[in-house]
Every structure is written in structure tokens, then in C-alpha cells.
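K.L.:
Sequence:
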Amino acid sequence: MSHPHPDLSAPAPLPAGGLRVIPLGGLGEVGRNMTVFEYDGRLLIVDCGVLFPEDHHPGVDLILPDFDPIRDRLDAVEALVLTHGHEDHIGATPYLLRERGDIPLVGSKLTLALLGSKLREHRLKETAQYEVAEGQTITFGPFVLEFVAVNHSIPDALAVVIRTGAGVVLHTGDFKMDQLPLDGRITDLNEFARLGDEGVDLFLTDSTNAEVPGFTTSEKDIAPVLDRVFSKSEKRIIVACFASHVHRVQQVLDAAVAHGRKVGYVGRSMVRNMAIAQELGYLTVPPGVMVEAKELADLPPHKQVLVSTGSQGEPLAALSRMSQNNHHFVHLEEGDTVVLASSLIPGNENAVYRVINGLSRLGANVVHKGNSLVHVSGHASAGELLYCYNIVKPRNVMPVHGEIRHMRANADLARATGVENVVLAEDGVVVDLVDGVAKVVGKVDVGYVFVDGTTIGDISEASMKDRRILGEEGFLSVIVVVDSVTGKVVSGPEIHARGFAEDETTFDEIKQPIIDALDASIADGATDAYQLQQVVRRVVGRWVNRAHRRRPMIIPVVIEA
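Here the numbering used here is used: the first residue of the sequence shown is 203, the next is one more, and so on.
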């Protein structure tokens, strides 16, 4: 089993006839999916998604893949293939198109429609778009692409087959093997088997649920649970889910009709995405069930259902505002029922539990995955992955989409079915398929690219560390005025604190040591203001760590007068 090594260097040039795979996101994390394939000097990109920030990313709105390894080769990109319409697969596309605006986009009808609304939001001109469906073949430069239907938690998901002179690659995208999907569109295992008989040289497989035994529960199994929730609820019902989960919203609409309730959407992305899904025929809205969300208040509580965004605890989303009782028109009352019909994305636990606690404090009955079957995953569990390995019979396997533990579990499954060459890579680790064998050949430097308001990529890891220190440890400024002739301290030290201590007398004991240290340093010949500032920083840093067990950000200012 090949795996990343910290001492990997930059890869050598790609051998003639070889295929290079460069993951720029999605390997070692759930989100930010982006993989670059190189053959004969040309590039193909599969997916371009975002990662949502966690608590240790203060002030960050989104995290993008790092485009640096291909930034000077964007003119070599033949196309961007999008496997499905989730944010972690399409959300970074507008930022890539800012770098080169005419990259051809390839995806299914719903995927391109969801992306189109996103491009309009970013005020980008729509580039050439190629709508594809399962069974179709399309060629871009040296890449011949075929598409295979797969089932996921959003309609119209596709796996992609990439044919080059180096061999056949099958990239599943996100998928599961739901045998009773709401739309009747199952993962095309016949095509997987046919490809297996033909020969798959490299199999890139979704790892998210590789640690989960058995088969993923069918989406239809949620219907009776929703029915029970609706039956027991005597007041308003609020269902929070992903704004792209068309099938989940469909089941909520059906339950509302069965129980004589009206439905309104809350949250801009929910309103937008469901309108697109309905217009394209992916969402069937029964007559008379939909009402503008603000108009629901005119109905009795037992007639109301709100479908809301914010299932991941996003601070500005509708559900979070409701939990804080500051939503502009939805105000929870004792006995309302809130259903969190979504998964818990790793890293969002604290935010989600804060929302649940806030809702409970307001008197709502909160139904979530931890106490009821109100969510099923969109990803294949171990049994499904084993089944795929046995019918595809790949020569090489490269687990994708997941944290390290997920990819390792996926690798173990592949090996259990007899796959001899399993390549474990992380973001930036380069894999070459040459003469039918895939192996790690080096790495390229990749990192997180933070979006902070209108700022993209200017926030470094060092800046993020400073933000964490400010948020967790506080801030101290120390101002000292030194006589430029005598070198004596003539004013100060004046110490100001934020997020550290309210009582200014706390710092009285350190003021004289600062003066003594400055006098000693000046006596030793230090006259540069920068040197004196470092003296102040060291003295204050040692004292505050010893006396208060804290490491605040310390900003010393030495002024010569």
C-alpha cells in the first residue's frame, strides 16, 4: 500500500504516455473536492468545491482549494467536470472562473442549473456549458469522458469515466446504492460491471462512509418517521436540511399534504434551489401546499410547516437566528417542533449543539439524527463499497473524499477484495498511472485559501493563528516613552488589555520590571526601538505566562521623545 510521506519532493516530469492525478482538495477532509488529471500536457479538472470553516477559523466565510499548482497552466485546462450540485463540489467554481473565465463546464442539468445561479450571484458571465447525462460520451482534448448514473442525496449525480492513452479511470463522485430511491434513478451497477469486464486501471472511490458496516439506509425509510413527527406535533413544524436536498424536501411536502399543513421556505438558498428543482421537474410540488413563509403566520400553528436552512449551525442561517430568537419573522413558541433532517458534518458539532440548545431553551421539541431516523446518508457504506470493488475489479484503487480515517478504511476494503495496489494520497500528493501501475511520485505545495468577505487568499495561516490567539488569549498593548538623549523611561509603561483582564491594577506588578529591563538593555547599548520593543515583549510574555497561564497577543510600542 502506497501512502504519503512527509519528505516527498516535487514530482519529476510526467513520463510520456502516463496520467498524472493531482488532488487539490477533498483528500483528508470532507469538502473542498478538486482533482486535476494531466495527460499529454493537457489538464482536466473534476469538481471544484468549498470547505466550510470550523470554530478554529474565526472570521472566515469559505475555504477554497489551492489553485497555485495549476495557476500558470490554466490555459491547458480542457474542461471542468462537476459530478453533482453540492457546495463541496461546485462552490469554488466561481473563484476558479475569476482566474480564467472561459473554462468549459460539464455537468448534469440540475448541477449546471444550480451552478448557473451561483455564477449570476458572483456577476460572472456564463462560460461554455455542456449538459450531459448518463450514457453520454464527450471528448475534450486527449480526454474521452463517459458518464454513469449514481444515486446520491441530490438528484442527477454522475460518476465519470476518463479514458486516455494511459488507461481507464473511473471516478465515482459521491454515491450510494439506494435500491428504492424516490426518483427511481439507481446507481448503474450494470455499467460498473461492464467497465470492470473491460478493465478499469484506476478506481477513485468515495470514502465518507467506509467505516460504516453494511448498506446505507434508503431515503424512503425517513417517510414513516416524518409521518410520526407530523402526527404528534400539535403546533408549528420547522424542518432544517441542506438547501440542495431535493428528495428530503419532497418528503416533507408529501408529509405536509398528508397532514393538512401548508409549507413555506425560509432561507435564500432554499428558496432559490427549490425553485430551480421544481422548474426542472426534480421536485413535485402538490397543488395548494406552498405559501410564502411570511404568510404562514396567518394560519393556525398546527397548519404550518417551514423548511429552513441552517442545519449545520451556520451563524447567519435562518435556524441559528431562530434559536437566538432574533429571526425577523419566525419566533419560536413553546411546543413547536424542529426537525434537523441532515447529517452532522465533522467540525460542525459545537455549532449544531449550540443551535439545538438554543431551540430547546425556547421550548421547542428538537428531533435530530441522535434521537430519531430523520436523516440517512448519501454515501456508500462498507458493504456497498465491497460490492463495487468485486464487480469493477480495478487494477489500482485511490480512495478519495473523506478524512484520513475514512480513506484508510476504504483502502482496507479494497485490499480485502484482492486489489493489490491501493494508493493512499492526501491533498497535494501526486500520483502517476504509468504502464498500468499507480504510485505516489511526489507532492506539490497546497494549503487552505481563506475567503473573508471580499478578501480571497490574503489571510495566511499566520494571520489565522493571530486571530485564534486574539479570540482565545486576549490582547495586550504596552506603550513606553523613552528619552532619546538619556535613554531613560519618561512615561509609562501604559498597559491596555482586551479579552484578558478588566482590572488595570493587575498590571501594576509588571510595570517596574519593564522599566528595569529597558534600563539594563539601554545600558548594554541597545538604542534601536525595535530591539527595545522585543525586550518589552519578552518581559511581559514571561510574566503573563507565569502569573496567569495565558499567552495573549502582545503589541509593544516604544516611542522616542
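Note that these hints are calculated values from the structure, not bench results.
Just to be clear, a hint being listed does not mean it is correct.
Taking lysine-lysine pairs in the DSSO-like style, the calculated list, with each CA pair at most 30 angstroms apart, reads [unchecked claim]:
1) Lys434 to Lys422
2) Lys320 to Lys464
3) Lys437 to Lys327
4) Lys422 to Lys311
5) Lys327 to Lys311
6) Lys496 to Lys571
7) Lys505 to Lys595
8) Lys595 to Lys571
9) Lys422 to Lys327
Label-pair restraints from in silico Cβ distances [said to hold, decoys possible]:
10) Glu535 to Pro715: 16 to 22 angstroms
11) Pro415 to Arg744: 38 to 44 angstroms
12) Arg700 to Arg470: 43 to 49 angstroms
13) Leu575 to Glu535: 25 to 31 angstroms
14) Leu210 to Asp637: 48 to 54 angstroms
15) Asp277 to Val639: 50 to 56 angstroms
16) Gln480 to Glu622: 46 to 52 angstroms
17) Leu575 to Gly649: 55 to 61 angstroms
It should be emphasised that the depicted structure is a prediction, and the values quoted were computed from it without experimental measurement.
Glycine is no exception: its CB is placed at the ideal position from the N, C-alpha and C atoms.
K.L.:
Would you mind marking each hint as holding or not holding in the structure?
P.N.:
Status of each hint after checking the structure:
The straight-line distance between the Cα atoms of Lys434 and Lys422 is roughly 20 angstroms, inside the 30 angstroms bound, and the hint therefore holds. With a C-alpha separation of about 29 angstroms, the suggested pair Lys320 and Lys464 falls inside the 30 angstroms cut-off, and the hint holds. Of the supplied pair hints, the one linking Lys437 and Lys327 is violated, its CA atoms being roughly 46 angstroms apart against a limit of 30 angstroms. The hinted pair formed by Lys422 and Lys311 meets the criterion: a straight-line CA distance of about 24 angstroms does not exceed 30 angstroms.
The straight-line distance between the Cα atoms of Lys327 and Lys311 is roughly 18 angstroms, inside the 30 angstroms bound, and the hint therefore holds. A distance of roughly 28 angstroms separates the Cα atoms of Lys496 and Lys571; the hinted pair therefore holds under the 30 angstroms criterion. Of the supplied pair hints, the one linking Lys505 and Lys595 is violated, its CA atoms being roughly 53 angstroms apart against a limit of 30 angstroms. Note on Lys595 and Lys571: the hinted pairing is violated, with a Cα-Cα distance of about 35 angstroms set against a maximum of 30 angstroms.
At roughly 39 angstroms between alpha-carbon atoms, Lys422 and Lys327 are farther apart than 30 angstroms, so this suggested pair is violated. The given range of 16 to 22 angstroms is broken by Glu535 and Pro715, whose C-beta atoms sit roughly 58 angstroms from each other. Pro415 and Arg744 have their C-beta atoms about 53 angstroms apart, which leaves the hinted 38 to 44 angstroms range violated. Distance hint check for Arg700 and Arg470: the Cβ-Cβ separation is about 34 angstroms, which falls outside the suggested range of 43 to 49 angstroms.
Taking the beta carbon of each, Leu575 and Glu535 are about 26 angstroms apart, inside 25 to 31 angstroms as hinted. Distance hint check for Leu210 and Asp637: the Cβ-Cβ separation is about 21 angstroms, which falls outside the suggested range of 48 to 54 angstroms. For Asp277 paired with Val639, a C-beta distance near 30 angstroms fails the hint of 50 to 56 angstroms. For Gln480 and Glu622, the Cβ-Cβ distance of about 48 angstroms falls inside the hinted range of 46 to 52 angstroms, so the restraint holds.
A beta carbon spacing of about 39 angstroms between Leu575 and Gly649 contradicts the range 55 to 61 angstroms that was offered as a hint.
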